[in-house]
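Enquirer: Each chain, letter by letter, is given below.
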Amino acid sequence: MADPRFFQRAGPFTLGELASRSGALVADGADPSRLLTDVAAVDVAGPEQITFLDNRKYVDAFRQTRAGACLVDPKLAYLAPAGVNLLLASDPYRAYALVAQAFYPVPVPQARVAEGCVVDPTAVLGTGVQIDPGAVIGARAELGDFCRIGANAVIGPGVVLGSGCIIGAGATLSHCLVGNNVNIYPGARIGQDGFGFAMGPGGHLKVPQLGRVIIEDEVEIGANTTIDRGAGPDTVIGAGSKIDNLVQIGHNVRIGRGCVIVAQAGISGSTRLDDFVAVGGQVGVTGHLHIGMGARLGAQSGVMRDVPAGMTVGGSPATSMTEWLRQNAILAKLARKGGSSKE
Amino acid sequence: MADPRFFQRAGPFTLGELASRSGALVADGADPSRLLTDVAAVDVAGPEQITFLDNRKYVDAFRQTRAGACLVDPKLAYLAPAGVNLLLASDPYRAYALVAQAFYPVPVPQARVAEGCVVDPTAVLGTGVQIDPGAVIGARAELGDFCRIGANAVIGPGVVLGSGCIIGAGATLSHCLVGNNVNIYPGARIGQDGFGFAMGPGGHLKVPQLGRVIIEDEVEIGANTTIDRGAGPDTVIGAGSKIDNLVQIGHNVRIGRGCVIVAQAGISGSTRLDDFVAVGGQVGVTGHLHIGMGARLGAQSGVMRDVPAGMTVGGSPATSMTEWLRQNAILAKLARKGGSSKE
Amino acid sequence: MADPRFFQRAGPFTLGELASRSGALVADGADPSRLLTDVAAVDVAGPEQITFLDNRKYVDAFRQTRAGACLVDPKLAYLAPAGVNLLLASDPYRAYALVAQAFYPVPVPQARVAEGCVVDPTAVLGTGVQIDPGAVIGARAELGDFCRIGANAVIGPGVVLGSGCIIGAGATLSHCLVGNNVNIYPGARIGQDGFGFAMGPGGHLKVPQLGRVIIEDEVEIGANTTIDRGAGPDTVIGAGSKIDNLVQIGHNVRIGRGCVIVAQAGISGSTRLDDFVAVGGQVGVTGHLHIGMGARLGAQSGVMRDVPAGMTVGGSPATSMTEWLRQNAILAKLARKGGSSKE
Numbered sequence: 001m002a003d004p005r006f007f008q009r010a011g012p013f014t015l016g017e018l019a020s021r022s023g024a025l026v027a028d029g030a031d032p033s034r035l036l037t038d039v040a041a042v043d044v045a046g047p048e049q050i051t052f053l054d055n056r057k058y059v060d061a062f063r064q065t066r067a068g069a070c071l072v073d074p075k076l077a078y079l080a081p082a083g084v085n086l087l088l089a090s091d092p093y094r095a096y097a098l099v100a101q102a103f104y105p106v107p108v109p110q111a112r113v114a115e116g117c118v119v120d121p122t123a124v125l126g127t128g129v130q131i132d133p134g135a136v137i138g139a140r141a142e143l144g145d146f147c148r149i150g151a152n153a154v155i156g157p158g159v160v161l162g163s164g165c166i167i168g169a170g171a172t173l174s175h176c177l178v179g180n181n182v183n184i185y186p187g188a189r190i191g192q193d194g195f196g197f198a199m200g201p202g203g204h205l206k207v208p209q210l211g212r213v214i215i216e217d218e219v220e221i222g223a224n225t226t227i228d229r230g231a232g233p234d235t236v237i238g239a240g241s242k243i244d245n246l247v248q249i250g251h252n253v254r255i256g257r258g259c260v261i262v263a264q265a266g267i268s269g270s271t272r273l274d275d276f277v278a279v280g281g282q283v284g285v286t287g288h289l290h291i292g293m294g295a296r297l298g299a300q301s302g303v304m305r306d307v308p309a310g311m312t313v314g315g316s317p318a319t320s321m322t323e324w325l326r327q328n329a330i331l332a333k334l335a336r337k338g339g340s341s342k343e
Numbered sequence: 001m002a003d004p005r006f007f008q009r010a011g012p013f014t015l016g017e018l019a020s021r022s023g024a025l026v027a028d029g030a031d032p033s034r035l036l037t038d039v040a041a042v043d044v045a046g047p048e049q050i051t052f053l054d055n056r057k058y059v060d061a062f063r064q065t066r067a068g069a070c071l072v073d074p075k076l077a078y079l080a081p082a083g084v085n086l087l088l089a090s091d092p093y094r095a096y097a098l099v100a101q102a103f104y105p106v107p108v109p110q111a112r113v114a115e116g117c118v119v120d121p122t123a124v125l126g127t128g129v130q131i132d133p134g135a136v137i138g139a140r141a142e143l144g145d146f147c148r149i150g151a152n153a154v155i156g157p158g159v160v161l162g163s164g165c166i167i168g169a170g171a172t173l174s175h176c177l178v179g180n181n182v183n184i185y186p187g188a189r190i191g192q193d194g195f196g197f198a199m200g201p202g203g204h205l206k207v208p209q210l211g212r213v214i215i216e217d218e219v220e221i222g223a224n225t226t227i228d229r230g231a232g233p234d235t236v237i238g239a240g241s242k243i244d245n246l247v248q249i250g251h252n253v254r255i256g257r258g259c260v261i262v263a264q265a266g267i268s269g270s271t272r273l274d275d276f277v278a279v280g281g282q283v284g285v286t287g288h289l290h291i292g293m294g295a296r297l298g299a300q301s302g303v304m305r306d307v308p309a310g311m312t313v314g315g316s317p318a319t320s321m322t323e324w325l326r327q328n329a330i331l332a333k334l335a336r337k338g339g340s341s342k343e
Numbered sequence: 001m002a003d004p005r006f007f008q009r010a011g012p013f014t015l016g017e018l019a020s021r022s023g024a025l026v027a028d029g030a031d032p033s034r035l036l037t038d039v040a041a042v043d044v045a046g047p048e049q050i051t052f053l054d055n056r057k058y059v060d061a062f063r064q065t066r067a068g069a070c071l072v073d074p075k076l077a078y079l080a081p082a083g084v085n086l087l088l089a090s091d092p093y094r095a096y097a098l099v100a101q102a103f104y105p106v107p108v109p110q111a112r113v114a115e116g117c118v119v120d121p122t123a124v125l126g127t128g129v130q131i132d133p134g135a136v137i138g139a140r141a142e143l144g145d146f147c148r149i150g151a152n153a154v155i156g157p158g159v160v161l162g163s164g165c166i167i168g169a170g171a172t173l174s175h176c177l178v179g180n181n182v183n184i185y186p187g188a189r190i191g192q193d194g195f196g197f198a199m200g201p202g203g204h205l206k207v208p209q210l211g212r213v214i215i216e217d218e219v220e221i222g223a224n225t226t227i228d229r230g231a232g233p234d235t236v237i238g239a240g241s242k243i244d245n246l247v248q249i250g251h252n253v254r255i256g257r258g259c260v261i262v263a264q265a266g267i268s269g270s271t272r273l274d275d276f277v278a279v280g281g282q283v284g285v286t287g288h289l290h291i292g293m294g295a296r297l298g299a300q301s302g303v304m305r306d307v308p309a310g311m312t313v314g315g316s317p318a319t320s321m322t323e324w325l326r327q328n329a330i331l332a333k334l335a336r337k338g339g340s341s342k343e
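Protein chains in written order, with our numbering: chain A, 1 to 343; chain B, 1 to 343; chain C, 1 to 343.
Any given hint might turn out to be false.
No copy is singled out in the list; a pair is fine if it fits within one copy or between any two copies.
Claimed, not checked - Only pairs whose alpha carbons sit at most 30 Å apart, straight line, appear in this in silico DSS-like list of lysine-lysine: (1) 75 - 57; (2) 206 - 75; (3) 206 - 337.
Calculated directly from the structure, the hints in this document are not laboratory data.
Remember, predicted model here, so these are calculated numbers, not experimental data.
Construct the complete structure from the given sequences, taking the supplied hints into account.
Expert: Structure follows, in structure tokens:
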């Protein structure tokens with residue numbers, strides 16, 4: 001079970017309640033009134049716990065599980081040992097996410113402004129807002145209902161947060177408008193000047209950065225990630241997009257809805273990602289490009305051209321994944337031959 | 001126009017004033033007394049706004065612009081629609097930077113130590129210094145005139161800042177001496193120990209890091225960038241150099257004047273960059289190298305050898321850009337053939 | 001000598017004392033009662049200073065050194081100029097580390113809770129704990145003896161630190177248990193949610209992250225590095241491992257003992273590193289891999305498969321270093337030929 005020093009567990013829940021919360025179906029023979037107290041991995045779960053089977057690698061563990069209940073794809077249900085109460089779900093991992101959220105809900109903010117905060121008198125705070133110690137809320141900032149501002153975070157002048165936002169400890173926001181249920185992790189930097197200079201031998205002249213960062217609903221932004229504000233147009237992060245740690249988003253970038261950007265990737269200025277683009281870890285995308293809907297950029301790839309919708313790319317400079325794999329194979333083959341045939 | 005929640009506009013200015021501030025020439029037929037209230041992009045600017053044409057991609061928009069005035073290269077002036085008051089400049093983007101700075105000047109610091117700050121009684125503060133809420137100024141630190149220290153920033157003991165420095169929210173400085181008009185962005189980490197260990201199977205022994213970070217005038221250091229102090233010699237960032245977000249600068253590195261280092265690049269310990277070196281995004285440079293004046297390191301390149309002055313390199317391991325492009329082309333050609341000719 | 005604004009020097013020490021602290025041997029003819037006041041580099045050291053010779057590149061400087069004393073490999077001792085008091089050590093750099101630690105010891109924490117801190121009344125503080133201004137210590141946190149918490153750092157609820165830990169300015173810790181003598185640099189982010197989502201076209205559902213970060217004794221974690229807590233199992237950093245700046249460690253990662261991870265590397269979720277693995281700068285390791293004991297991952301490599309113990313790899317996708325070098329050589333040769341033989 002999760003360490004009670006850090007996690008507060010809700011429940012117990014009946015199998016029936018968990019089915020209803022997760023959209024799963026109580027299997028024939030399962031007892032909807034069965035009480036469950038926690039989630040656990042399939043190999044360690046006991047009779048009072050619910051687990052899930054998502055990956056065929058764990059089928060052997062599933063055959064022997066002692067779990068009281070298990071979320072499983074209907075096609076694999078026949079492998080369950082006797083006595084496990086099954087919940088059937090076509091996407092068991094997604095159903096598990098909902099079950100785990102039931103047992104470990106995000107703590108409700110405590111409506112309070114803690115000791116050691118500095119809240120400007122012109123800031124507007126919604127209902128139930130929690131401001132942790134040392135946070136600073138600037139002039140005319142607006143915090144929606146039930147926002148939670150972490151310790152030593154800084155919300156700059158004029159920044160607007162929708163309702164239900166969580167701002168991590170030590171994060172700093174300026175020049176941005178944030179939607180509802182946005183989760184910004186510790187140390188993220190939102191809204192600072194973009195890297196805009198008129199270069200020249202007489203010195204690099206700063207070009208005023210006059211745009212904002214717009215963050216739509218349900219976005220997550222990882223720890224120590226940096227998102228620069230626009231130079232004139234805005235930098236935009238579309239609804240439901242998830243950005244991991246240490247990512248760099250340059251000025252004027254537009255990220256569509258439902259994109260996923262893995263750690264340490266960087267998107268250069270004025271590039272546009274359509275909806276549901278997946279960007280792997282440590283990817284670099286140069287500026288002023290257009291990445292089409294649903295494209296996938298393989299880890300460490302260096303994208304220097306537009307990528308059409310749906311395409312998967314790899315390598316640096318990036319090319320189609322098929323082409324990149326072929327290049328790797330050819331090069332490996334040539335190296336094995338020692339290139340001798342060419343001498 | 002820029003969002004008034006975040007930006008305060010100055011002006012209006014006459015065309016003549018803007019010409020004089022930007023070093024541009026009022027074109028024949030233009031009205032030097034024409035009043036302008038703001039900057040705007042060429043496709044959206046209206047009669048009270050001034051725009052610029054820098055990139056030939058925007059020539060079509062320029063032909064139809066409704067802007068009241070436009071900064072333009074004299075060679076393209078003939079394309080202007082009637083009624084636009086032209087300012088002629090050989091580098092219109094640089095002139096635009098100066099015009100935009102006129103309309104949107106960096107706010108003058110408010111001379112005050114805000115609530116919730118902790119300023120050591122032995123710290124020395126110049127005239128007109130602004131210290132935002134929650135900032136911490138250590139013993140014997142010296143802040144020059146008109147410095148502005150962001151909320152929850154930390155200036156360590158003994159740190160010296162010249163005049164006109166801007167330290168972003170949540171940035172931390174220690175063991176460093178900083179020149180005039182230096183801009184350090186939120187979350188930057190300056191002056192911590194370098195990564196110096198005497199490695200060994202019995203444990204990695206910490207080697208005391210006894211140098212400093214020296215930051216010369218007019219430097220910018222991006223959000224969440226890290227610059228370690230020297231191990232014995234100093235780490236030095238030369239005057240006018242601009243460093244983007246999430247960059248790593250190792251101990252003893254010496255960056256010359258006017259260098260530009262794009263986001264997520266890393267320069268390993270004891271490497272030396274001469275003046276006006278350009279380092280692309282996600283570049284890695286190994287330790288103890290010498291990168292000559294004006295060299296250009298292409299995005300994501302991995303530089304493992306010295307680079308002569310003026311050379312452009314690409315790839316990992318990096319080679320001359322020409323060579324790298326040739327390698328990419330060869331590999332692509334071989335992959336297209338499927339390597340069949342070699343079977 | 002080190003800038004006295006930032007460093008406090010101890011000593012002087014006799015040659016004999018320094019020999020004893022560093023495990024070196026006083027050479028024949030050297031005077032064990034000779035007093036030394038500081039460390040210095042071999043080319044600048046004077047008669048009152050002790051230096052070291054570790055790298056054959058500095059043999060010429062060594063032949064002419066004016067240092068009062070020098071740590072040197074016995075095999076090179078014969079090159080010393082007359083008058084230098086030699087200390088013989090098989091690993092002179094390691095011996096130097098101990099000598100430098102004698103002159104520049106880590107400052108003993110001052111037992112005090114500074115102004116502007118917020119320490120929850122339920123937190124437990126050991127003997128001699130120093131808490132700098134603006135730090136926030138959460139409910140039920142436990143700080144071992146002689147811990148030092150930097151300005152504006154945040155120690156979350158329930159976090160446990162062993163004795164002698166140093167937490168840098170602006171760092172934030174949550175959901176973690178930390179051993180003794182751990183050094184966490186400014187801006188590091190420890191214990192936030194991992195990047196765990198059940199992806200889907202209807203939105204990416206957050207999967208509760210129910211594990212912790214376990215940091216064993218003598219670990220160092222660099223500035224602005226991010227370490228996510230486990231999803232269910234814990235994220236673990238083994239004893240004596242040293243992690244540089246801007247590194248990303250994903251959820252459930254297990255780092256063995258004595259590992260070294262250079263700046264801007266990223267280790268994806270659930271990957272396991274055995275003891276004494278060396279990870280170069282900007283390396284990326286994908287998830288669910290196993291990297292064997294003593295393996296070495298070359299800078300910028302992209303590791304997509306398990307790496308056996310002791311192996312050195314390079315390239316992206318990574319292969320054995322030998323193979324990678326051969327591939328680079330082949331490609332360079334083909335490019336020189338212009339591929340013409342294949343036409």
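Enquirer: Next step is simple, just say for each hint if it's right about the structure.
Expert: Right, here's what the structure says about each hint:
1. 75 - 57: within (15 Å within a copy, 56 Å between copies)
2. 206 - 75: Between. Shortest inter-copy distance 25 Å satisfies the 30 Å Cα cut-off; intra-copy 61 Å does not.
3. 206 - 337: neither (53 Å within a copy, 45 Å between copies)
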